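Asker: Starting from the given sequences, assemble the full structure and let the hints guide the process.
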Amino acid sequence: MLMVPDSTSEEELFSNTDESPAFVEFLEFLGEKIELHDFKGFRGGLDVTHGQTGSESVYSNHGNKEVMFHVSTKLPYTEGDAHARTHTHTHTRARQPAQPEL
Numbered sequence: 023m024l025m026v027p028d029s030t031s032e033e034e035l036f037s038n039t040d041e042s043p044a045f046v047e048f049l050e051f052l053g054e055k056i057e058l059h060d061f062k063g064f065r066g067g068l069d070v071t072h073g074q075t076g077s078e079s080v081y082s083n084h085g086n087k088e089v090m091f092h093v094s095t096k097l098p099y100t101e102g103d104a105h106a107r108t109h110t111h112t113h114t115r116a117r118q119p120a121q122p123e124l
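Everything in the sequence shown is counted per the working numbering, starting at 23 for the first residue and increasing by one.
Read the hints as simulated data drawn from the structure, not as lab findings. Every value quoted in this text rests on a predicted model; they were computed, and no experiment measured them. There may be inaccurate statements among the hints.
Computed Cβ-Cβ distance ranges for the label pairs, DEER-style [unchecked claim]:
id: 1; residue 1: 32; residue 2: 60; range: 27 to 35 Å
id: 2; residue 1: 30; residue 2: 71; range: 20 to 28 Å
id: 3; residue 1: 62; residue 2: 28; range: 35 to 43 Å
id: 4; residue 1: 59; residue 2: 30; range: 14 to 22 Å
id: 5; residue 1: 41; residue 2: 83; range: 32 to 40 Å
Distance condition first, Cα-Cα at most 16 Å in a straight line; then the derived EDC-like pairs of lysine to aspartate or glutamate [unchecked claim]:
id: 6; residue 1: 87; residue 2: 54
id: 7; residue 1: 62; residue 2: 78
id: 8; residue 1: 62; residue 2: 88
id: 9; residue 1: 55; residue 2: 78
id: 10; residue 1: 55; residue 2: 41
id: 11; residue 1: 55; residue 2: 88
Virtual Cβ for every residue (Gly too), placed ideally from N, Cα, C.
Answerer: In structure tokens form, the structure reads like this:
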């Protein structure tokens, strides 16, 4: 989530859609920006078919552990919709590859 000066309410925090250069640099550190449409890796619950969770996100694969970040500035936002945005996209999911049977 990107917090800008004078953002104090939940509505104000989730309405931040412009990414600062420092925030972009932080996201690049976390992983690579990917197009969600038809993405074949771990999607972390994001919609890769109909675009209901935006058009892009940040994805990373570290040591065969995939992470899809739910980035507030990349999620669709409609004024007055902070509650839905907060409660459906405030988590990060990670997937470990299947472990071979011993």
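Asker: Does each hint fit the structure? Answer for all of them.
Answerer: The hints, checked one at a time:
1. One distance hint, 27 to 35 Å for the beta-carbon pair residue 32 and residue 60, holds here, with the actual separation near 32 Å.
2. For residue 30 and residue 71, the hinted distance range of 20 to 28 Å is not satisfied, since their beta carbons lie about 36 Å from each other.
3. In this structure the supplied range 35 to 43 Å holds for residue 62 paired with residue 28, their Cβ-Cβ distance being about 40 Å.
4. Between residue 59 and residue 30 the CB atoms are about 35 Å apart, so this pair departs from the stated range of 14 to 22 Å.
5. Between residue 41 and residue 83 the beta carbon distance is about 22 Å. The supplied range of 32 to 40 Å is therefore violated.
6. For the hint linking residue 87 to residue 54, the alpha-carbon distance of about 14 Å falls within 16 Å, and the restraint holds.
7. A distance of roughly 13 Å separates the Cα atoms of residue 62 and residue 78; the hinted pair therefore holds under the 16 Å criterion.
8. A hinted pair counts as satisfied when its Cα atoms are at most 16 Å apart, and residue 62 with residue 88 qualifies at roughly 12 Å.
9. Our distance criterion of 16 Å between C-alpha atoms is met by residue 55 and residue 78, whose separation comes to about 7 Å.
10. Taking the CA atoms of residue 55 and residue 41, the gap is near 13 Å; set against the 16 Å cutoff, the hint holds.
11. With a CA separation close to 14 Å, the supplied pair residue 55 and residue 88 stays within the 16 Å bound.
Of the numbered hints stated above, those contradicted by the structure are hints 2, 4, 5, listed in ascending order.
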